Structures are given as C-alpha cells and as structure tokens.
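Fit chain to chain and form the complex, with the hints in mind.
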Amino acid sequence: MADVTNLRTPAETGLSKLFEVARMKFPTGVSIAREEAFRYFEAMGLPSRRVEAFKYTDLRAALKEAAPPADAPGAEAAHRALDAAKGFSGIEALRLAFVNGHLVAEASDLGRVPQGVTLAPLNEALAAGDRLLEHLAPVSQARENPIYQLNAAFMADGLLVHVAAGTKVEAPLHLRFVGTGAEAFSTATRVLVVLEADAELTVLESHEGPDGVAYQPNDALDVVIADRARFHHTRLNGEGREAIALSTISARLGAGSHIETVNLVTGAVLSRHQIYLHFAGEDATATVNGATMLGNGQLADSTLLADHAAVGGVSRELFKTVIDGDATGVFQGKIIVEQIAQKTDGKMKSDCLLLPDEGQMMNKPELEIFADDVACGHGATCGAPDDDLLFYLMARGLPRTEAESLLVQAFLGEALESVTHEGAREALIGEVETWLAKRA
Amino acid sequence: MLEIKNLVVQIEDNRILNGLDLTVKDGEVAAIMGPNGSGKSTLSYVIAGKEDYEVLEGEILLNGENILEMGPDERAAAGIFLAFQYPLEIPGVGTMTFLKACLNAQRKARGEDELSTPDFIRQVNKAADKLEINKEMLKRALNVGFSGGEKKRMEILQMALLQPQFCVLDETDSGLDIDALRIVSEGVNALRAEGRSLLVITHYQRLLNHIVPDTVHVMSQGRIVKSGGKELALELEASGYAEYRASEAA
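Protein chains in written order, with the working numbering: chain W, 1 to 440; chain A, 1 to 250.
In isolation and in its complexed conformation, chain A is listed as follows (with noise of 0.2 Å):
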C-alpha cells in the first residue's frame, strides 16, 4: 500500500525528517508514537503534499506510484486522506456544500459521474448518524463554532464518505473526552477494511486501546527507530521515550 523510502525533508533550513523509512500494508493499521518535536505533524502533512516542506530525498509510494510529485488534490483523488490534528474553521463556506464539492471533485478526477444530491444528502446522513453528528452542525459553516470533539467528528465523517485507500489520523484523539474518543475510534474501526490502510499518530497509547494497531512504531528525530507489534505501544506507556531521546542524543 504505502512504503516510504529515506524520506529526508525540511522546512526553512531546519531539517525534520531524517531519512525515514515505513512500509503500511494494505488493510494495516500502522500505529506511530514518538515524543514532542519528532516530526509526527511533519510526517502527515508531507504525505498529504502540503507546500511549504522541502522534500530533499527519498520517495512515498502509494501503491507503486511515487505520489511526491502530485498536488495536495491529486494525492487525495489517488485516496490519501488526512484527518488534521487541528481542522481549519472556513466561515462562509457550508459543511454541506463543501462536503458535496469534495466528493464531486474526487469523483471527476477519477473520472466518474458526479452524485445526485439525494444520494449525496442519503450517504452523508447515514455516515452522520453513526458518528452521532446533529443535523444542526451539518447546516452551520464547516466547523465555524464547532467544539474540538465536534471537528474531529466532521473529520472522520469526511473519511467516510471519501472512501479513501490511505488514511493518516493525525493525533486525532487530542482534544477529545471519553465519549467522544469511543464515537470516534468507532466511526474509525468502521472504516477498517481490505485494501484500506490507517496510520495513527499519536502521542497517547490510550487512542491504541480504541483503534488497536497492527503494527506500532517509534519516531524519534526524524526517524522510524524501533517497529514492533501493538505490545510496543504498552512498553511506551511503561516506559516514556526516555529511552529513545538518550539514544538519539548519544
């Protein structure tokens, strides 16, 4: 599914990845954990294609295809999605209409038809209805006034109707309580399918307990530095990264 290879990128002259390698296999749920500064974020967004990152080396493979080359729209048409850490508020701009122009856009760039607007009002409430979204915010303007459990719900509902190959949740659970986490992690197992593969970012191994990982791996200074199996994930939570600083730092 996804394999990157020697990922090495910066922003301003200050170096984040360090030559990064991880495979996700398809249908995987690959979890990433790794102290503050350790180039999580970075890692998310230079898969999503954000601009303002220098790629210096390496590749990000999606199922074959080197994707560094493509838009931010393109990479999401080919079925990458970002849930963000923080979603942006666009006053002015109705959830629904941008839901309805995401969906089209993705829909024409794979050359399909575009939705009707019942079939599109149908999915969308379905999908809300099991993320437990009121009606209400769906009229509103996307996430304008939203809670921070509110918007990461948007986030996922946005998952699942784009349908994406390739999912990155970026430390999706900050910012939610207990129930929320469970609408949440729910809504995201939902989505757990073949030939759909997740990376979790995560500071917590409390999001782990909800979307249990496949594979757990340690990022620390740009790098992958230890893989291991969803018992990492428990070791971590024992141990702090402690462990892992000291070895960077010698």
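Excised from the complex, chain W in its bound form (with noise of 0.2 Å):
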C-alpha cells in the first residue's frame, strides 16, 4: 500500500483535502457512510486504464485537478444560469432545479407536488435522519466502483422522491442540473426516488453548463422500483466542451417492475455514464439505451451492468454513437445471469456510424451467465454510412450533409424510439437535430 501512496496524483492528493475542509460542512446523516465512501475510493484511487473497468477511460490521467465543490450560487447567479437552460424547458412537468449541484428552492416546483408524492430536499432529509435514506445505494455492484463512492462521500445536495403505492404520476418530474462559473468547480448530486408497488414515475434530467469552464459534475440517481411499478427516465447530457461529466444510475427491480432509462449525450469533453441494474424480483423488464454524438476531442463512455438475480428478466440495451471527427466512444455492457435467474432474457447491442474515420469506438461486451436455461446475446457494428444508401439519397436531391444527416437521425432513432413520453422523444430527436445543424 505504501507504494500507491507514494504515486498519488494532485488530483487524489487535492481530494483528500477537499473531503476533509467538505466534511466539515456536511449535514449530518450518513456520515459514517460518506466516511467509508471516501476511505474506499482513497484506497483504490483513481482509476487508470490498468483497471479493467477503466480501460478505455483513464480517469487518472484525466482529472489533472481536483475542482474544489461549488458553494450555493446567488440568488441572481442562480436565475441567470436557469434562464439561458434550455433542455426539456418545452415540456409540462414538475420541476426541480439544482444550480452547481445546490437545490434552487425559489426555482423548484416543491409546493404544487401530486398527491401521493413526496419530495424532499436531501439536505434536509439527511438532517432528519428519513427513513427513505435506507434505500440510498440500493445496488451493491456500485458501491465498488470508485466514481459512486466519490458522489457518496461528496454529495451536497439532491433529492428524495417517494411514490406511494398504485399511485400513476401523469406529470414528469423534470431535474434541472444547470451548472454556472469561471473558474472550475465540482459537484456531487445524489437523487433517491422509490417507487412502492404499482406506482409509475416520469423523470427527466437534463444537464448543462458553461462551455469553457473544466467544471466536474458527479451525479447519482439511485431507484428502489417495488413490484409491478413502472420508472421511465430520460437523461440528457448537454454539459459544456470542457466539462469531466460522471454519472452513475443504479436501479433495484422489483417483481414485474419495468424500467426504461434512455441517455442522449452531446456534451462534455468526457463523459461516463454508468448504469447499474439489478433484477431482483422475477418478471422485472428493463430497456437501456443510449444516443451519444461526439465531435473533435470528446470521449463518451456508457458502462451498464445487468445484475440478472430473479427468474424471468428481461433487459433489452441498444448504444447508438455518431462519431464526428477525431473523438472516442466507449461502450462496456455487461450481463450478469445468476444460478437462480432461470428464464432471462437479455439482448444488447453498440452501434457506432463513423462519419469521417478519424474517431474510434471500443466496444466491450461482456456476459455472465451462470443459469443454464437463459437467451442472451450482444452484438456490436461499427462503419461509415452506407455509400449505396447515400448515392440513393444524393440521387434524389439531397446534398451529402443532408443525406447524411437523414442516416443519422435514423440512426440514433432507433434508440430514441422507446422514450414513452411524447414531448421527451421529442425534445431528444430535436437535439439530434441542433447537432447537425451545427454539424453542417
């Protein structure tokens, strides 16, 4: 141990000493918890392309410095930074807004909540000691990975949401993350919502901030799904150029539960987005899928893992990456199929369209499979558009960009398709959209 010490990066160095000036300043909760989070990271370090699960994504070499957390913006930092937003702004729904990971109350839909919904600001919940906090981390596999660790022993502030039983939010429930500064700065969000038996909740995350700023956003979703409810989830990452985004889902299945957690990704200078299911209860369906377009110098990474632990799942992922110019996707999907889990059924599929062949895709399909009576499978192509398919619309009038540009919103369509809500689809396949206008 005494030799990793010793190689130490700044930006491990510069995390120990945040945590110990942050810790400080936490609400009380958890604190044993944020403790051991950060000794477990502190021990590992951060990962570099010698861990596996990190091979495509040095985060060592990355994460030059550790940004210092953002303190709660100013009233009228907080609006202008809310006010240039624009992501989902065109759907009706229920809104939170977190301004450089800080709940913006004033700007929050906390007074009009449904019936049978319950939110609470984290802070508070974590101060008062609520009982939902029982449910934070819900999936174990996640708790080994250093980039969760590091939001539970950072985490500021978030949310909890609780969904009584047979309760059928129509509304969604829109997250605002809105990140505003100068100079760099982190955050750490951590979002708990449970759904009880027969509920169904909309959640919409949409995350931006300034281009130009190496902000370093580390946001958690964590999601107790009881029997027969249905979770639909719909992230959008449109951080700015320079942004280090991390950001861990980790959802536990109940029995006949169904969760569908779609993520399009334009922003940042490297992204990973991390996915974490575990099938609990038999029956349960997921479907993940993922739309990342990536132009000059960003990196993208999507690392899901399916944790099959109940007979009958069902999990369906679809990546679809549009790599324009001299960029990098990384998609690692595992499956794990446990001895009991007999009857699983689980398909995932990468697909990368390079436009011009400067960028690069690293696939990493990975199955576990320890039932003997399961169907699963993974599949992964990589190419440039189709020439024939391009002369075919060339033929007909369109310029190349046109054309190519038709291909590629058919595309990532394909994984924008099962966004249930209308206006959510809607709004993704129009960021497809600006991204090729900007593009051409």
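Read the hints as simulated data drawn from the structure, not as lab findings.
Any given hint could turn out to be false.
If the Cβ cut is set under 7 Å, some of the chain A residues that face chain W in the computed set are [said to hold, decoys possible]: (1) K50; (2) E54; (3) A76; (4) I90; (5) V93; (6) Q106.
Short derived list, chain A residues pointing at chain W, Cβ under 8 Å [to be verified]: (7) L82; (8) A101; (9) G229.
The model shown is predicted, which means the values in this text are computed figures rather than measured ones.
Beta carbons: idealized from backbone N, C-alpha and C, even for Gly.
Here's what the structure looks like:
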C-alpha cells in the first residue's frame, strides 16, 4: 500500500484535502457511510487504464486537478444560469432546479406536488434522518465503483422522491442540473427515487453548463422500484464543452416492475455514464438505451451492468454512437445471469457510425451466465454511412450533408423510439437535429 | 435533351462502357435493350452520378451542359432522375420525411421556396392515388417491408413528385406481376410530356408493350450496336441477342 500512496496524483491528493474540508460542512446523517465511501475511494485511487472497468476511460490521466466543491450560488447567478438552460424546457413538468449541485427552492415546484408524491431536499432528509435514506445505494456492485463512491463521499445536495403505492404520476418530474461559473468547480448530487408497488413515474434529467470551464459534475440517481411499479427516465447530457461529467444510475427492480432509461449525450469533453441494474424480483423488464453524438476531442463512455438475480427478467440494451471527427466512444456492457435467474432474456447491442474515419469506438460486451435456461446475446457494429444509401438519397437531390443527416437521424432514432414520454422523445430528436445543424 | 458522346467508363480496372454514343431528343422515349452484362445498369448509374465509376473519356450533356462534373444531388436538381432497379430500404427514415426532404432540397437548389406542408401532402396523395399506393405505405419507413412491386411504385411516385426532365428507368419491370406492371406503366405514361425524356432500360420486350418507345437501341459490350424504331424490340424478342453477341466476338 505504501507504494500506492507514493504514486498519488495531484488530483487524488487534492480530493483528500477537499474531503477533509468539506466533511465539516456536510449536513449530518450518513456521515459514517460518507467516511467509508471516501476511505474506499482513497484506497483505490482514481482508476487508470490498468483497471479493467476503466481501460478506455483513464480517469487518473484525465482528471489533472480536483476542482473544489461549488458553493450554493447567489439568487441572481442561479436565475441567470437557469434562464439560459433550455433542456426539456418545452415540456409540461414538475421542475426541480439544481444550480452547481444545490437545490434552488425558489425555482422549484416543491409546493405543487401531486397527491401520493413526497419530495424532500436531500439536505433536509439527511438532517432529519429520513427513513427513506435506508434505500440509498440500492445496487451492491455500484458500491465498488470509485465514481459512485466519490459521489457518496461528496454528495452535497439532491432530492428524495417517494411515490406511494398505486400512484401513477402524470406529469414528469424534471430535474434540471445547471452549472455556472468562470472557475473550475465540482458538484455531487444524489437523487433517490422510491416507487412503491404499482406506482409509475417519469423523470427527465437535463444537465447543462458553461463552455470553456473545466467543471466536474458527479451525479448519482438511485432508484428503488417495487413490484409492478414503472419508472421512465430520460437523461440529457448537454454539459459544457470542457466538462468532465460523471454520472451513475443504480436501480433495484422488484417483481414485474419496469425501467426504461435513455441517455442522450452531446456534451462534455469526457463523460462517463454508468448504469447498474439489479433484477431483484421475478419477471422485471428493462430497456436501457443510449444515443451519443461526439465531435473533435470528446470521449463518451457508457458502462452498463445488468445483474439478473431473479427468474424471467428481460433486458434490452441498445447504444448508438455517432462520431464526427477525432473522438472516442466507449461502450462496456455486462449482463450477469445468476444461477437462480432462469428464463432470463437479455439482449445488448452497440452500433457506431463513424462519419469521417478519424474517430474510434471501443466496445466491450460481457456475458456472465450461471443459469442454464436463458437467452442472452450481444452484438456490435461500427462503420461509415452506407455508400449505396447515400447515393440513393443524393440521387433524389439531397446534398451529401443532408443525406448523411437523414441517415444519422434514422440511426439514432432507433435508440430514442423507446422513450415513452412523447414530449421527451421529441425533445431528444430535436437535440439530434440541433447537433446535426451545427455540424453542417 | 441528352447527348452521350464516346463514353468510356471503368470500375476497378474493368472497362464496362467502350465509347458509347446516344442521343435522346426532347420528349422522346428511348429504350435500351441488351443481354446481361452489356453495361446497361452501369450506364444508368453513370448518368445519375454514382461515384464508384471512373469516366475515362467522353461526356454526357443535358441540354448542352456537361453533367459529369456534377454530384448526384446537383444532377437531380438539374432534372436527372434514376428509377432504381433495386430501390433501397432505409430503416428509420419515414417515407413522407424522405419525400419532403427531396422535394425541398431540389427546390432550394433551384432557388425556389419550400413547399408548405398542406401543399406537399396534397401532391403526394394525388400522385399516390394514381399509382394505387396505399396511405399506410406512406407512413412506413422508406421501402422497408415493401414488396418488389410496391418499391417500384414508390420510385414512380418519386418521379411524379420531382417532375424531372430526364428519367432513367433501370429494369423497372423486374419483379413486377402483370397488374403491377400495368399500374407502373400507366404511371410512367402519365408522365410522358414535351420537355421530358425517358430512357427505359430493359431485358424484355413486354415492358415496351406498355411503355411504347419512340426509339430502341441495342447495347452490347458497352456500346450501342444498333438503333431503330419500336419494331426493333419485336425483332429482338423473336431472334434474341445472339447475333449481337456474335458480332462483338468476331
């Protein structure tokens, strides 16, 4: 261990110092878990490419310095930042606004919560020792992940959402995460959603921030989905161009429950979105999709672990990446089928479209199957747009860029089709069009 | 209208067209017949501007202007249309989205205003009715899951909407049953007009019973080896291509 300590990077040393300062400011509650999380992280350090799960996304090399946790912004700065953020703004929703990782109560609909739904700012819940906190970190594998543990150590604000049994919430909950500032800062938010039996909720998450500032968001969403409950989740990574954006969703699925989670990425110089699913109850189903659009210098990593620990689970994963220029896409997907999880049906696919040939895509699918009566498969493709299709479209009068755009929209569209909420689906399609328009 | 002079074309060092000459006048329907491998499809792709082919010599003039330097999209905007032998399926691209994008791209290239959505839908419905194209088909992804006949009808629908000057129909009859052949031919005939010429490429004479050509050209080994009136097609149907193959070999 002594050798490892000697090799600590400036960022690791910085994080230790920041933790010593920050822990004094944190609200009480889960302080032991926080301490443990940080010690766990400290022992592992920032993961480098020598760590298999970070082979293609070398955080140790990428994170040169640990940015200090952002303070809550002043009212004016918060409103300015929120006014500039446009993600999902056209959708009728219950809005919760976070600026630099801190809940802005005045800009949030805490007062008009529908019946059967309880919302509590994480700070207050921690101070009050809310009973729901026992649901934090619902997937054990995530607790072995350094990004998630860093979030656990530093989580400064967030939200607890509880939906009572049988409550179907009509309007989506829109969590707006907006960054602002001229100097590098870090944020760590944690949102916990607990859906009781037969409940249904749609959550939209938008992440936006300034270009030209190397801020470091690390956001985590914990979801506990009881029997037959349904959770729809659409996430938009529109972070600023220099951001190093880390995020984790971990969900525990009860019997007959369903999760649909779709992440669209256009932002951040480096992003890593981690998805941990634990199929705890029988016959749970999951749709996990990703649509990533990258330009010069960007790296986006989608890392998934689906742990089938009960009979009859169904998981469908489809990740689509479009690379325009010198950029890197990473997809790591692992499906675990435990011995008990007979009749599991898991299918995973990652497709990449390389517009010029400068980009690269790293695909690492893994299946770990201990049951004997399962149907699992994975596949990956990578290539340039089909010349014959391009010719067909151009022969009808579409200039090359427009023809390519149409093919890109069709390519990504397949991953966006599963978004149940129509407004959210259209908003994501709009994001694709905006990205393509900037490209042209 | 279209004049092809001494066209020499190769693909990956294989010479396919060997000094082809062809003139199609304004409003003329010209048929090209010929055995397999004579270069008919290559000719259609080269006219439309497919990049895989290398033009070594010659020129293709549309109304006096050489189109060989133009990209496929520019040729389309200039009035060239190729009805594909095998129309491509494009999953994820809605047929209506595709049609509208093409129409507007061409209008834009010609400096015209974009079509309004109601006008566009009216035009599509009108053209679709004539070709007995089911409205459900228009809601699907382009050509995905369409039968051979449906795909060909979709090609003619595009031709009707885009109103090109010079249309190349590459084996439009292949894969069509008798009813579909009639519907497609009627669709094509309805588009015969002054100022619009057609080049109909086919193996068989039967298409030419429906789309009656003004001129018939026999192609063999990358050249036009005989030209005549519509009666030439009947002669070919009776005698086959053996004579032309033999004359080339000699």
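Structure-based check of each hint:
At its closest, the beta carbon of K50(A) sits 5 Å from a beta carbon of chain W; the interface hint therefore holds under the 7 Å criterion. About 15 Å separates the beta-carbon of E54(A) from the nearest beta-carbon of chain W, more than 7 Å, and the hint is not met. For the restraint placing A76(A) at the interface with chain W, the shortest Cβ-Cβ distance is roughly 4 Å, inside the 7 Å limit, so the hint holds. Below 7 Å, beta-carbon pairs count as interface contacts, and I90(A) has one with chain W at about 6 Å; its hint therefore holds.
Checking V93(A) against chain W by beta carbon gives a least distance of about 5 Å; that is within 7 Å, so the hint holds. A hinted interface residue such as Q106(A) counts as satisfied when its beta carbon comes closer than 7 Å to some beta carbon of chain W; here the least separation is about 4 Å, so the hint holds. Annotation: L82(A) was flagged as interfacial toward chain W, and the flag holds, the nearest CB pair being 5 Å apart, inside 8 Å. Among the interface hints, the one on A101(A) holds; its C-beta lies about 6 Å from the nearest C-beta in chain W, closer than the 8 Å criterion.
The interface hint given for G229(A) is violated, since its Cβ lies 30 Å from the closest Cβ of chain W, which is over the 8 Å cut-off.
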